[in-house]
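Participant: As a plain string of letters, each chain reads:
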Amino acid sequence: MKRAFVAIAVLGLGVAVDAAAQDAAVEQRGKEVFDDWCSACHGDGPGKPGTSALQALYNGQKPALLEERTDLTPELTRSFVRTGVTVMPFFRKTEISDADLDALAAYLAP
Amino acid sequence: MTLPPGMSQRDFSAALRQLETAVGKEWVFSAPEDVALYRDAYSPFWDEEEERTASAAVAPDTVEQVQSVMRIANEHRIPIYPISTGRNLAYGGAAPVLSGSVVLDLKRMNRVLEVSEENAYALVEPGVSYFDLYRDIQDRGLKLMIDVPTPGWGSLIGNALDHGAGVTPMRDHWSTQCGMEVVLANGDLLRTGMGALPGAETWQQYKFGVGPWIDGLFSQSNFGVVTKMGFWLMPQPDAYLTGTVVVPRYSDLIPLVDTLNFVENSGVVNGMPQLGSPLLGGFFNPIQSELRELIENGASTDELEAYARRQGAGYWSCTLKFYGPEKSIAADWEWCQDKFAAAIPGATFENGEQFRFPLSTEEIEAITRGQALGSRNSTLPEFGIPSLTMFSIGARSATNPNPTEGHMWFSPIIPRTGEAIIEANRVFSEAARELDLPINAVGFSLPTTYWNRAFIYLFGLPVTKDIATNRANREKFERLVKIVAEHGWGEYRTPPAFQDAVLATYSFNNHALRRFLETLKDAVDPNGILGAGRYGIWPRHLRGGRV
Chain A
4 MKRAFVAIAV
14 LGLGVAVDAA
24 AQDAAVEQRG
34 KEVFDDWCSA
44 CHGDGPGKPG
54 TSALQALYNG
64 QKPALLEERT
74 DLTPELTRSF
84 VRTGVTVMPF
94 FRKTEISDAD
104 LDALAAYLAP
Chain B
6 MTLPPGMSQR
16 DFSAALRQLE
26 TAVGKEWVFS
36 APEDVALYRD
46 AYSPFWDEEE
56 ERTASAAVAP
66 DTVEQVQSVM
76 RIANEHRIPI
86 YPISTGRNLA
96 YGGAAPVLSG
106 SVVLDLKRMN
116 RVLEVSEENA
126 YALVEPGVSY
136 FDLYRDIQDR
146 GLKLMIDVPT
156 PGWGSLIGNA
166 LDHGAGVTPM
176 RDHWSTQCGM
186 EVVLANGDLL
196 RTGMGALPGA
206 ETWQQYKFGV
216 GPWIDGLFSQ
226 SNFGVVTKMG
236 FWLMPQPDAY
246 LTGTVVVPRY
256 SDLIPLVDTL
266 NFVENSGVVN
276 GMPQLGSPLL
286 GGFFNPIQSE
296 LRELIENGAS
306 TDELEAYARR
316 QGAGYWSCTL
326 KFYGPEKSIA
336 ADWEWCQDKF
346 AAAIPGATFE
356 NGEQFRFPLS
366 TEEIEAITRG
376 QALGSRNSTL
386 PEFGIPSLTM
396 FSIGARSATN
406 PNPTEGHMWF
416 SPIIPRTGEA
426 IIEANRVFSE
436 AARELDLPIN
446 AVGFSLPTTY
456 WNRAFIYLFG
466 LPVTKDIATN
476 RANREKFERL
486 VKIVAEHGWG
496 EYRTPPAFQD
506 AVLATYSFNN
516 HALRRFLETL
526 KDAVDPNGIL
536 GAGRYGIWPR
546 HLRGGRV
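Protein chains in written order, with my numbering: chain A, 4 to 113; chain B, 6 to 552.
None of these hints come from the bench; they were simulated from the model. Among these hints, one or two may not hold up.
Said to hold, decoys possible - Now the stretches of chain B that chain A is said to cover, found in silico as 3 or more residues with beta-carbon under 8 angstroms:
| no. | stretch |
| --- | --- |
| 1 | 23 to 30 |
| 2 | 365 to 374 |
| 3 | 397 to 405 |
What the hints assert, rightly or not - If we take Cβ atoms under 10 angstroms as the criterion, some of the chain B residues that face chain A in the derived model are:
| no. | residue |
| --- | --- |
| 4 | F34 |
| 5 | Q359 |
| 6 | F362 |
| 7 | T409 |
Unchecked claim - From the derived model, a few chain B residues whose C-beta atoms are all more than 12 angstroms from chain A:
| no. | residue |
| --- | --- |
| 8 | I88 |
| 9 | G157 |
| 10 | Q342 |
| 11 | F354 |
| 12 | Y497 |
| 13 | A517 |
Here a beta-carbon is modelled for each residue, glycine too, at the ideal position from N, C-alpha and C.
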């Protein structure tokens, strides 16, 4: 029984490790998508119109940097990417695929 | 769901299945939410009946797949509209000209096929953006500089085909292209220039091959789908230098431009010059209230010159930009000062910025910060660095609480003379009053100097999500097209909404140009399936009875 428990525990750990590795890979991909498609406007530093726009919109009540936000649900990220807002256009699936968008949403999610 | 004109849902579905076989099911988009991503985000027809919308999109990954798509489209008579990165915002975005077209989305074809440092060229596919090529060159540590337009996410091929421009010595993108590969409407594959020679070793080194040079036929047109293009690049220069000429009198504008033309056409000034007016302000330097009052009260030139003297400011300025060996460009600047001083009594000179390539991280950050703050100093594109900082214009910011939702460029070419600038300002001011244009009619607007031999004015008319406002602005745009044509000026590039109107102004000899283009269209695309309506070129069955 004990041996069976150990076996199950090890199996469970393996699943947990696999899941963690998968999550890390998704987040890593999300970061790459952010760097490729979002950072030119929403990155840190000067000359980033998206960051400046969010700074003006929230006036410090929320972080201007998307990567520092703690309220970006995956649904919100998906919605902005696929519908755009003001001068920010929406993005096609040949630019950001659904899988990449999921990764991006996971990366930006709290 | 939008369908190709005259096509049944059943036939269209059958054609889409064939397209799926050609490119893979996941790369044919026909679900409404996917097709909606091919709307023009800056469409002046947003949500109107006339908005140009796609019926579907197909995204091949290889030239062979593009050929298959064209064959299937011919078989089913499906209108196809190619896009490269689809980021031609303010000039059409990813949307077709003819509603119901299937967008041929080439974004997946994003390979940098070759970069030669020794011969300073690149060969790329249409999905390659300026960011992509820049990263590729940086990653490989090549000593090459690319020229970028202000938004860096566009396609090198798409931008060149639409006659786009940047700011460095290689800024005329169309003139830097060398050799292309084209899939014709019937699916046949063509290579131009030396590329027509099997085993050619100079495809990206010599443009013309033998016989007529046909590359121009594929720009701003619908005669083929460009799947590869070569571009000449600039070896990374040693240094960059700017210097500003300031002249005191209103009438100095004329010799200022004449001398500018001379120093550029002599090959001495190779960067993009920047005309300005310390007196009259500029885009980032709003006009002072005292001066505004003077102008609004109809101040004479003498009064304005007196104002300039009181302010200690010149009337006009021109910043020259030089790329090359440090000692040479310093000497070039000196030579230019001699020329301007000889032509314009009272001209003064200010030394500007100096950089050595490659720029340091700190220098790049300082330039970016200046650009973001709207300084008149050099910007990232001057150093061949792509960015999206351009979108600061219109985006929400500390000084702009009401962001715009897009714009459409009205961009006429005018002669490269001071007299033409003065005349253009008279014409545009009058038009602004007549049309109640949302552009600053007070002050003086100076042209952009993308090209050595002609000036261009760029006016961004707002696009909104309000139908009535968009309708009114479209009417104003169309009126502007006619007004400038009456003065012998014409647009160099225009959004799809106005391509018919603009081509109609190029009407010499009863529209001989349009008739020639239509003859070509009928010959190379007899079924009229490719890019219908692009730049006013329509296939026979869509010419509304015009033969």
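Participant: Does the no-contact call for B:Q342 survive, Cβ to all of chain A over 12 angstroms?
Facilitator: holds, 32 angstroms
Participant: So, B:F34 near chain A? Judge it on the closest CB pair being under 10 angstroms.
Facilitator: Hint on B:F34: holds, closest Cβ of chain A at ~7 angstroms, below 10 angstroms.
Participant: Quick one, is the B:F362 hint okay against chain A at 10 angstroms, beta carbons?
Facilitator: Violated - the Cβ of B:F362 stays beyond 10 angstroms from chain A, reaching only about 20 angstroms at its closest.
Participant: At a Cβ distance under 8 angstroms, does chain A reach at least three residues of the stretch 23 to 30 of chain B?
Facilitator: violated (count 0)
Participant: Evaluate the condition: distance from the CB of B:G157 to the nearest CB of chain A exceeds 12 angstroms.
Facilitator: violated, 7 angstroms
Participant: Is the listed coverage of the stretch 365 to 374 of chain B by chain A valid when you require three or more residues with a beta carbon under 8 angstroms from a beta carbon of that chain?
Facilitator: Check passed, 3 qualifying residues.
Participant: Does the nearest C-beta of chain A fall within a distance shorter than 10 angstroms of the C-beta of B:Q359?
Facilitator: Violated, about 21 angstroms.
Participant: Please settle this one: B:Y497 was flagged as non-interface, so is its CB more than 12 angstroms from every CB on chain A?
Facilitator: B:Y497 clear of chain A: closest Cβ-Cβ about 23 angstroms, beyond 12 angstroms.
Participant: Take a quick look at B:F354 and tell me if its Cβ sits farther than 12 angstroms from every Cβ on chain A, holds or violated.
Facilitator: holds, 29 angstroms
Participant: Measuring Cβ to Cβ, find out whether B:I88 lies farther than 12 angstroms from everything in chain A.
Facilitator: Non-interface label on B:I88 violated, nearest chain A Cβ at 9 angstroms vs cutoff 12 angstroms.
Participant: Check whether three or more residues of the stretch 397 to 405 of chain B sit with their beta carbon closer than 8 angstroms to a beta carbon of chain A.
Facilitator: holds (count 7)
Participant: Given B:T409 as an interface hint, is its Cβ closer than 10 angstroms to any Cβ of chain A?
Facilitator: Interface hint status for B:T409: holds (6 angstroms vs cutoff 10 angstroms).
Hints 1, 5, 6, 8 and 9, counting from the list given before, are not met by this structure.
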